[in-house]
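Got chain U; can you put chain V on it based on the hints?
There are 2 protein chains.
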Amino acid sequence: MRYRDRLDLALIAAESKAGAVAAGVFTTNRFTAAPVELCKEHIKASRIRAILVNAGIANACTGEEGLAKARQMAQLTAQALGAEVEQVLVASTGVIGQQIQISPVERTMADLCCGLKSDGWYQAARAIMTTDLVPKMASTQVELFGTPVTIGGVAKGSGMIAPNMATMLAFVCTDAVVEPTVLNHWLRRGADRSFNRITVDGDTSTNDCILLLASGRAENKIIGDVAGPESLLFGAALEAVLLDLAKQIVYDGEGATKFIAIEVSGAPDMESARAVAFTIAQSPLVKTAFFGEDANWGRIVAAAGRAGVPIAPERVALYFDDVCVFRKGMPVGGSDIEEQATRVFKQKEILVRLDLDMGDSGFTVYTSDLSYDYVRINAAYRS
Amino acid sequence: MRYRDRLDLALIAAESKAGAVAAGVFTTNRFTAAPVELCKEHIKASRIRAILVNAGIANACTGEEGLAKARQMAQLTAQALGAEVEQVLVASTGVIGQQIQISPVERTMADLCCGLKSDGWYQAARAIMTTDLVPKMASTQVELFGTPVTIGGVAKGSGMIAPNMATMLAFVCTDAVVEPTVLNHWLRRGADRSFNRITVDGDTSTNDCILLLASGRAENKIIGDVAGPESLLFGAALEAVLLDLAKQIVYDGEGATKFIAIEVSGAPDMESARAVAFTIAQSPLVKTAFFGEDANWGRIVAAAGRAGVPIAPERVALYFDDVCVFRKGMPVGGSDIEEQATRVFKQKEILVRLDLDMGDSGFTVYTSDLSYDYVRINAAYRS
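Here the protein sequences come in this chain order: U and V.
With my numbering, letter number 192 in the first sequence gets 206, and the count goes up by one each step, no holes.
With my numbering, letter number 206 in the second sequence gets 220, and the count goes up by one each step, no holes.
The shape of chain U in the complex, shown without the other chains (with noise of 0.2 Å):
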């Protein structure tokens, strides 16, 4: 599609003709991908039979023009697999504002067909990348009324866009049987848990999505009660699989040095945990202080008083793992705290703990600092 000398379109298709129950969760930004504009329409139609990704041009703001290549793309696919063409879910990153060239999907239909495999996901992962370093994959299993099933799955991201590539995306499968409204439930849950507790930049992408397909292939008893046992066993697994996948877009962050956890608790309702830990994960000065290595508590007790809740200076208690470095709206003294918490910054993995003492919510938010590298990455040239 864009790149010589890798792959970059990924076809992932059910095995059987009934196709998959599916879900989906999809971007807020107002400029909607067309692929995501195709898959809300699909996803609600009928059974999916498969997903078709390319990587390098996102097909964001390409107008009626990119609308059409993405129902092509659907159409090529839904032919080589004897599918309609509701039946395909399409997704694209890169390039904003470029348009997808047909005949490369034309010219490899028929291979893709061939090439897919039960274990073809590490070769999945490494198409649909972009600036991402790594491909990122994550499985788990669980026994549910006595079956074992398995939730598995890919995903990319590494800002929301470098150099210009949009998007942070994620397909994920399993071969449960589930009511379709509790696939529904658990994935925008899963979603809220996991991909919605990340942040590199902050930014949010045109073309972001989540698929999750249920082929049923396990063949359990149905899972049809969204609040029984097994239920709840499938929504934990699956939220697993959710955030070991976000976690690994974090690590893999456009020129993360650090993973940082930023914990808030003690709050009185969740959203104002929330608004806390996604001000401090956002803010520039606490990210340059983590890959400075400088356990900098000003700036993160800063961020915090400007998040918009009502925040009691003097009861707010601020750790860098176990180490207490501000309390009661005072540093604590001593030297050996100061050399303690440079420690703490030292490490690859930072976990930043907020205690409010207003209530019992809590929220944790998944960061990357802020480094050269993210500049350097982001100020080059798209070409």
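These aren't lab readings, by the way, just hints derived from the structure by calculation.
Warning: the hint list may mix true and false statements.
[Said to hold, decoys possible] With a straight-line Cα cutoff of 16 Å, these simulated EDC-like cross-link-like pairs (lysine to aspartate or glutamate) come out: (1) V:K342 to U:E79; (2) U:K342 to V:E79; (3) V:K342 to V:E307; (4) V:K360 to V:E328.
[Claimed, not checked] If you want a taste of the chain V side facing chain U, the calculated C-beta under 10 Å gives, among others: (5) N43; (6) F45; (7) A72; (8) C75; (9) Q112; (10) K131; (11) D215; (12) F292; (13) L299; (14) A303; (15) F305; (16) A316; (17) A326; (18) G343; (19) I391.
All C-beta atoms in this analysis are idealised placements derived from N, C-alpha and C, irrespective of residue type, glycine included.
For chain V alone, kept in the frame of chain U given last:
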């Protein structure tokens, strides 16, 4: 106070013992610095005789001891000038979480008072700098009821914080005779239309404040009616000074190589225009594109799309200076467009105009780019 071989303590005083009518705008950060707390208390009490400002230590997150130190700074100034302690305002900027030493204030107070002069603004502008590269001053004159009055001031600020140097501070003085409520009205409005429209890195410090003193020495007929023509003249002149100072802060933004105005028009209301403008101005991807001189309109459009405003992509138009790069949901074609846009991005000053075509409201934000130097400055150690 903290630095060697440079001034870092400034005294601004009213010539007359009657003092000046005062107004203030303060940080909304919940971790309010001690001097800000003191100012809020003193400014409503009486006519103000002086402002004492130190650079190097923010006196933020310093608890009761910090508040006592701020009060001591006011007391020493009051004693030296024969004023009441409530007639003195105090401002600090610098490292968070360290206590101020009072002895340098005691030692230098007599010199500060002896050195007071009507043309000392340049020295004051230098004394309040932290990581600022240049001192910031602005002034204007306007005729009120036939009497010429002067408005002039100084400001500091470069990021919110650099190696930990908190704060944007501005001190503006006028000889105009103005009712306190009118003074307050115009300061609030002026701040909203100047300092509240700039962003370097999106952070709000614990110490931000703008103080405005009106001595009345011009002896113009008092401005008592906020809606009167002379009041409007005064407000416009004040706003011009504030905007001039605010823009100087962006020009001197940490690591800044560009000055960018983001002008959003055609919004359904000002809040929407503001949200879109700030989302663009604070996007690290947009800011690195400016640094890289890459006319990457896709990032600007994508940032606008996630601002929470129900933008209709097919109505949006985007211009770089006068070059239209995006219209009706599609890029404006032609390689010459790319060339023209790139030429604009090579300028030191760039105007980005986004027309949403949804209504009549607009908002402009002034910002800088995100460069290697921003990372270098902020990743460096505090020491």
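Cross-check of the supplied hints:
1. V:K342 to U:E79: The given pair, whose Cα atoms are some 13 Å apart, holds under the 16 Å limit.
2. U:K342 to V:E79: Holds, at roughly 13 Å.
3. V:K342 to V:E307: Judged against 16 Å, a Cα distance of about 25 Å means the pair is violated.
4. V:K360 to V:E328: Violated, at about 28 Å.
5. N43: At about 4 Å, which falls below the 10 Å cut-off, the nearest Cβ of chain U leaves the hint on N43 (chain V) intact, so it holds.
6. F45: With a minimum Cβ separation of about 4 Å from chain U (threshold 10 Å), the hint on F45 (chain V) holds.
7. A72: At about 8 Å, which falls below the 10 Å cut-off, the nearest Cβ of chain U leaves the hint on A72 (chain V) intact, so it holds.
8. C75: holds (6 Å)
9. Q112: holds (8 Å)
10. K131: violated (35 Å)
11. D215: Holds, because the Cβ-Cβ distance from D215 (chain V) to chain U comes to roughly 4 Å (cut-off 10 Å).
12. F292: Constraint on F292 (chain V) not satisfied, violated at 12 Å.
13. L299: holds (5 Å)
14. A303: holds (7 Å)
15. F305: Hint on F305 (chain V): holds, closest Cβ of chain U at ~5 Å, below 10 Å.
16. A316: With Cβ-Cβ at 5 Å, under 10 Å, it holds.
17. A326: holds (8 Å)
18. G343: Holds, because the Cβ-Cβ distance from G343 (chain V) to chain U comes to roughly 5 Å (cut-off 10 Å).
19. I391: Interface hint status for I391 (chain V): holds (8 Å vs cutoff 10 Å).
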